[in-house]
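Participant: These are the residues of each chain, in order.
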Amino acid sequence: MFELLGIPPQALFGQLLLGLINGAFYAMLSLGLAVIFGMLNVINFTHGAQYMMGAFAAWLLLGYLDVPFWASLVLAPLIVGLIGIVIEKLLLKRIYHLDHLYGFLLTFGMALVIEGLFQLQWGSSGAPYPNPIPGGYNLGFMFLPAYRGFVVIAALVICLATWYGIERTKLGAYLRAATENPTLVRAFGINVPRLITLTYGLGVALAALAGVLAAPIQQVSALMGTNLVLVVFAVVVIGGMGSIMGSIVTGFGLGVIEGLTKVFYPPASNTVIFVVMAIVLLVKPAGLFGQTK
Amino acid sequence: MTSQRVGYAILIVLALVAPAFAYPVFLMKALCFALFACAFNLLLGYVGLMSFGHAMFFGMAGYFYGHVVKAWNMPPEIGLLAGVAGAAVLGLVTGALAIRRQGIYFAMITLAFAQMVYFFCVQAPFTGGEDGLQGIPRKPLFGVIPTKDDLVLYYVVLAIFLFGYAAIYRFIYSPFGQVLKAIRDNEQRALSLGYEADRYKLLAFVLSAALAGLAGATKAMVQQFATLTDVAASTSGEVVLMALVGGLGTIIGPVVGAFIIVTMQNYLAGFGQFVLVIQGAIFVVIVLAFRKGVVGEVMDWWKRRRSPST
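These protein sequence lines are chains A and B, in that order.
Count along the first sequence from 1, then add 2; that gives the number in the numbering used here.
Count along the second sequence from 1, then add 184; that gives the number in the numbering used here.
Hints may contain errors.
What the hints assert, rightly or not - One-sided and incomplete, this derived list gives chain B residues near chain A with beta-carbon spacing under 10 Å:
#1 T278
#2 L281
#3 R285
#4 A298
#5 Y357
#6 F360
As the list claims (entries may be wrong) - Below, in silico cross-link-like pairs of lysine-lysine (DSBU-like), each with a Cα-Cα straight-line distance of 30 Å or less:
#7 B:K365 with B:K476
#8 B:K323 with B:K476
#9 B:K476 with B:K213
#10 B:K365 with A:K286
#11 B:K476 with A:K91
#12 B:K476 with A:K95
To be verified - Computed beta-carbon distance windows for the label pairs:
#13 A:P11 with B:F310: 30 to 40 Å
#14 A:D101 with B:S187: 24 to 34 Å
#15 B:W256 with A:G167: 55 to 65 Å
#16 B:A473 with A:A13: 49 to 59 Å
#17 A:A13 with B:Y207: 52 to 62 Å
Simulated from the structure, these hints should not be mistaken for laboratory data.
Ideal placement from N, C-alpha and C gives every residue a C-beta, glycine not left out.
The shape of chain A in the complex, shown without the other chains:
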């Protein structure tokens, strides 16, 4: 059996894969946060709760209506995204003219309400979600569970599709223009408030989609997004919210760094991302891909 720096390859590659999977979730969630922040100027603290709602939607659809995983992959984000649109129309819309802090506080409050209600209804211990692709491949140096491989590829595809949608399509161009100068874009006859609502719905749907993908790996529980959203905030600070590609690269990269830390120095694995954040703040305060303003 060969070893790398005293670490058996199974452990190394196993943690690397776990890191990539975590990174996939960081990337998807920070992407959604960045898209929402760009358009609404709101840091969506409810993001973790919406990720959890995505997982719950899939679990409930399976449990009550026998909807298979593959259909949930489309249905759950749609449902949660629609709920997001309602939230935007009813609540968020009223605070755009205020300081950013109020958006943060409002969405924090909503996260408390949502997570509290889910805990009241379903308790705080998790429920399992059956693995839709059991089995796996023996790659020689490691065993790759099929579903985990699928998650990494799916997340990559989703991230790149989002990037394409925003950077290369006409709707994306409207979106970017409205982010730059909403008043001018409105003067061209584009319905900016509707665009904002749609953006929030899209960002929320992205979080929910991440939640559905996470359901078979993690336990579906009311608090599954609580700590995750805090890590994602650190990811966003590290990457800077200026660039879509930046969010994706930072997300995956930090996941891998976290995985490697688990191999070489496990006690620091929970805190390594925050340490990276501190270093980035020292060296490049605007974030790796951010613009100083």
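Position chain B relative to chain A; hints supplied.
Facilitator: Frame of chain A; chain B shown alone:
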């Protein structure tokens, strides 16, 4: 202002007789959170920096207090000092990094650091992990004051609170406080007038952290334990809520807010997660409809009553 003095005199008399009407341990807990909220509000209300990680100072100071008093067998006054000093150092390190970004990023960075401290506390051997530090002895303060008696301890805690409150009052109405407000209102202008904004911000951050530490250490002294709850993100959120409910940027607001929230938690303790739901709902309602908080709204109403013509 004489009306303000009369108001404070009434409040102090109320605080002195309060143990006759309410359970002292509850009052002490509320006073600790009130000081914590005031320390937080010093930063948000007067410097315009929203720290979403103030629990790290509050909770860590509790651990410092417990460790010094229990493991090192020191008297409580040394424990309190250790809590304040530890929180101040932590504030210096995290503050120096966090003030490199502004606005909403500042909130996210402090939140992230607090989460890092939380994970550290879960693993560090001296915090007792999930169990926390239990059974911190209540030793006599300065060797003479018998803090085992809840009523005596209440007056000690009240004195600590008044000291902290007076310190904050002093900061805000000093030239230092005026510069802070100038930075809050227009950082560029303060810079161009020759004030090194970052230094002022950092000093305010450290002061706020130290006072939050004083509150946390005092709470550990009262409750005789320090647990993970006090360093968790939920506590950081609670202190924001207290300041917000009471009224940001008013000096007495956070005290009112802390009493409202602690009382509410006390009555709803049996309902478990409902507390979270209600707290969240209060956040939403306040942000949407009562951004000035209780004290701010009352002050507005008072002003309108006095000058009905405007």
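Participant: Which numbered hints turn out to be false for this structure?
Facilitator: Of the numbered hints, 5, 6 and 8 do not hold.
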